[in-house]
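> As given, the protein sequences belong to chains A and B, one line each in that order. First residue of the first sequence: 1, per my numbering; consecutive thereafter. First residue of the second sequence: 1, per my numbering; consecutive thereafter.
Calculated directly from the structure, the hints in this document are not laboratory data. Virtual Cβ for every residue (Gly too), placed ideally from N, Cα, C. Check before you lean on any hint, since a few could be wrong.
[Claimed, not checked] Partner residues are not named here, just some residues of chain A that face chain B (Cβ under 8 Å, in silico):
no.	residue
1	Q42
2	G43
3	D46
4	L73
5	M91
[As the list claims (entries may be wrong)] Computed footprint of chain A on chain B, listed as stretches where at least three residues anywhere in the stretch have a Cβ under 8 Å from a Cβ of chain A:
no.	region
6	81 to 95
7	118 to 125
8	223 to 237
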Amino acid sequence: MAEIMFWEAIRRAHDEEMTRDPLVICMGEDIGVAGGTYKATQGLYDKYGAERVIDTPISENGYTGLGIGAAFLGVRPVIEIMSVNFAWLAMDQIFNSAAKVRYMSGGQLTAPVVVRSPGGTAHQLGAQHSARMEKVFMGVAGLRVVTPSNPRQAYGLLKSAIRCDDPVFINEHELMYNMKGEVPDEEFFHPLEGSEVSREGRDVTLFGYNISVHWALQAAEVLAKQHGIDAEVIDLYCLAPLDREGIRKSVSKTHRAVIIEEAEAPVGVGSEVMAIINEECFFELDAPPVRVSAENVPIPYNHGMEKAAIPNPQDVVKAVLKMFGK
Amino acid sequence: MDTADKKRLLREMLFARRFEERCYEAYVERKIGGFLHLYPGQEACCFGVMEAARPGHDYVITGYRDHVHAIKCGTDPKAVMAELFGKETGCSKGRGGSMHIFDVEHHFMGGYALVGGPFPLAAGMAKAIKMKGGDEISICFLGDAANNQGTFHESLNMAKVWNLPVLYVCENNLYGIGTRIDRSTAVIDQYKRVAGYDIPAAQADGQDIEKVYDAAKIAVDHVRSGKGPYFLELMTYRYRGHSMSDSNAYRAKDEERMWSGRDPIILLRDKLIEAGVITKDDYKAMDTEVLEQIENDVIAFAEDSPEPKVSELDKYMFADNDPYVRGGQR
Ligand SMILES: Cc1ncc(C[n+]2csc(CCOP(=O)(O)OP(=O)(O)O)c2C)c(N)n1
Ligand SMILES: [Mg+2]
Numbered sequence: 001m002a003e004i005m006f007w008e009a010i011r012r013a014h015d016e017e018m019t020r021d022p023l024v025i026c027m028g029e030d031i032g033v034a035g036g037t038y039k040a041t042q043g044l045y046d047k048y049g050a051e052r053v054i055d056t057p058i059s060e061n062g063y064t065g066l067g068i069g070a071a072f073l074g075v076r077p078v079i080e081i082m083s084v085n086f087a088w089l090a091m092d093q094i095f096n097s098a099a100k101v102r103y104m105s106g107g108q109l110t111a112p113v114v115v116r117s118p119g120g121t122a123h124q125l126g127a128q129h130s131a132r133m134e135k136v137f138m139g140v141a142g143l144r145v146v147t148p149s150n151p152r153q154a155y156g157l158l159k160s161a162i163r164c165d166d167p168v169f170i171n172e173h174e175l176m177y178n179m180k181g182e183v184p185d186e187e188f189f190h191p192l193e194g195s196e197v198s199r200e201g202r203d204v205t206l207f208g209y210n211i212s213v214h215w216a217l218q219a220a221e222v223l224a225k226q227h228g229i230d231a232e233v234i235d236l237y238c239l240a241p242l243d244r245e246g247i248r249k250s251v252s253k254t255h256r257a258v259i260i261e262e263a264e265a266p267v268g269v270g271s272e273v274m275a276i277i278n279e280e281c282f283f284e285l286d287a288p289p290v291r292v293s294a295e296n297v298p299i300p301y302n303h304g305m306e307k308a309a310i311p312n313p314q315d316v317v318k319a320v321l322k323m324f325g326k
Numbered sequence: 001m002d003t004a005d006k007k008r009l010l011r012e013m014l015f016a017r018r019f020e021e022r023c024y025e026a027y028v029e030r031k032i033g034g035f036l037h038l039y040p041g042q043e044a045c046c047f048g049v050m051e052a053a054r055p056g057h058d059y060v061i062t063g064y065r066d067h068v069h070a071i072k073c074g075t076d077p078k079a080v081m082a083e084l085f086g087k088e089t090g091c092s093k094g095r096g097g098s099m100h101i102f103d104v105e106h107h108f109m110g111g112y113a114l115v116g117g118p119f120p121l122a123a124g125m126a127k128a129i130k131m132k133g134g135d136e137i138s139i140c141f142l143g144d145a146a147n148n149q150g151t152f153h154e155s156l157n158m159a160k161v162w163n164l165p166v167l168y169v170c171e172n173n174l175y176g177i178g179t180r181i182d183r184s185t186a187v188i189d190q191y192k193r194v195a196g197y198d199i200p201a202a203q204a205d206g207q208d209i210e211k212v213y214d215a216a217k218i219a220v221d222h223v224r225s226g227k228g229p230y231f232l233e234l235m236t237y238r239y240r241g242h243s244m245s246d247s248n249a250y251r252a253k254d255e256e257r258m259w260s261g262r263d264p265i266i267l268l269r270d271k272l273i274e275a276g277v278i279t280k281d282d283y284k285a286m287d288t289e290v291l292e293q294i295e296n297d298v299i300a301f302a303e304d305s306p307e308p309k310v311s312e313l314d315k316y317m318f319a320d321n322d323p324y325v326r327g328g329q330r
């Protein structure tokens, strides 16, 4: 098992699938000759050529729609949208075409397209380059939404997403492309549904996804070492459909839940997980569930303000201590 | 197009006209719900272009005014009417409705309700055709007002850059709902807007099916021969309101009269009568036969068909049992 970087894991998944199936293509801005903003398609242009590794014009809705149309006829496009902030422009095609076509055609047509895009607050990129949009994607029927927290998931989720007959949105993070992690040398496919126990614990469940899994794990260490609280960490790598059973199981064991999201709280992952807890295991709870979310503001440029706007592991520790009355 | 073809096309267009008129009645009877956009007046556009193309082989995509395009591609009119009635036997299993007619078997790739939505989808199908090396072409029928969407420009640009086998047909009926083209659009002749993408474009009389056919022949040959995209504008008019909820009060009576004097079916009928191919009585008999077919076959089928089961509400949302959802091998 080799340790590779997040971007290398994505690159490897592309490469293997493109070697196997000549109808797998990738497209996006600067992904070909330039190798991709985050190197996720580096070297593929030289290997597979301009017909399959397509540098697109800056027409997010247009090229996403083009990929969807190609998928109607059996092509398997992996579309990179350079930043999730630009994916707003492609919402029309993702939601109105890809997510709905199977249903409204009575099952005749499907759009097996993968759209990958990094979101998140990076380093002082300002309000228009710091959006976290997973909450928007996960609310639309007909679309699968996954979000890897490590290179192994990044590889395995992309592999499965390419082969799956449904449209899949993969929410990545700008700060995570250089993260290292172990990825099995042999090919594998990660489930597109479910959740993962990243750390077993008895006292409280910390729900995270993508980057917030790491904040939860850091908080769990502090809680264990300094406060004697044994936290379980659940990685919600699948945001749509959310893993009701996984959420129920963990909360039924720990009886307490904290949901950690980098996004603002309204209409988000946290509110959705809380609703599921209410519906599935309300009477198991020993304390009201809590969200640790971003401030509900556009992300500011100033470094100190930017840090204050989004949560961190310390905020998670504080929220747990408060829940335990400490 | 020989004489037999013209006679057949007259019947096909008449069938389309009567079909749409019967939809109107069914809507008034509340058998059909939702938005209903009818095609009378524009028949020569679809039939002329598809006559020059290969229905059932070439991939066709369009907007919400889609019943007739599907029928010309080969969809059973019974399945279209059943869809409008919301029945399980409808071509989209009653899940689509008037604006979402689909028949993938006949390469009718759907009606879409977002104005301008199909432009990039058509380019994408063309990309797939090119990759797979087929001799099909992708044909996208949309209205004049759709050209004010960004997807129009984005798609023309990509189609040209990647030399895609796609034919864009603009049915210019001079209105986008109640807004006349000169009030919304800087240029009335839509084919002129394509010049910025270095794509060949032409304009033709959309009421005369022979002229449509001739223009479409050039367009289709161009695209099929691998020379890249083409844009064909057809000047036409819709007789009814934009949809059933449209009073049609915004159009001058003179204008309507002028266009009804250029009815595509009457134009072809009169030419055929003049040439001695059919008589007035032949036409009347044809009409009676069409009306009977619609009533006895099409409407009866739609009426008698079962409703979809409410218990199957979430069927067709995702692929059935896709193994990769569980991370398994196929
Ligand atoms: C994105 C979007 N905006 C607005 C509408 C509402 N709408 C439906 S049809 C239409 C007019 C379109 O006119 P045109 O493209 O000329 O086609 P026609 O109906 O004349 O055939 C409008 C504004 C819509 N369906 N989708
Ligand atoms: Mg119009």
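> Is the listed coverage of the region 81 to 95 of chain B by chain A valid when you require three or more residues with a beta carbon under 8 Å from a beta carbon of that chain?
holds (count 6)
> Return the status of the interface hint for A/D46: holds when the least beta-carbon distance to chain B is below 8 Å, violated otherwise.
Where the cut-off is 8 Å and the nearest Cβ of chain B is about 19 Å from A/D46, the hint is violated.
> Holds or violated: the hint that A/Q42 contacts chain B, with Cβ atoms closer than 8 Å.
Nearest chain B Cβ about 22 Å off; hint violated.
> Is the interface hint for A/G43 satisfied, with its Cβ closer than 8 Å to some Cβ of chain B?
violated (21 Å)
> Do three or more residues from the region 223 to 237 of chain B put their C-beta atoms closer than 8 Å to C-beta atoms of chain A?
With 0 residues in contact (Cβ-Cβ under 8 Å with chain A), the coverage given for the region 223 to 237 of chain B is violated.
> If you count the residues of the region 118 to 125 of chain B with a beta-carbon closer than 8 Å to a beta-carbon of chain A, do you get 3 or more?
Satisfied; 7 residues make the cut.
> Is the interface hint satisfied for A/M91? The criterion is a beta-carbon contact with chain B at less than 8 Å.
violated (11 Å)
> Once the shortest beta carbon distance from A/L73 to chain B is found, is it less than 8 Å?
Holds, because the Cβ-Cβ distance from A/L73 to chain B comes to roughly 4 Å (cut-off 8 Å).
In summary, the numbered hints that this structure violates are 1, 2, 3, 5, 8.
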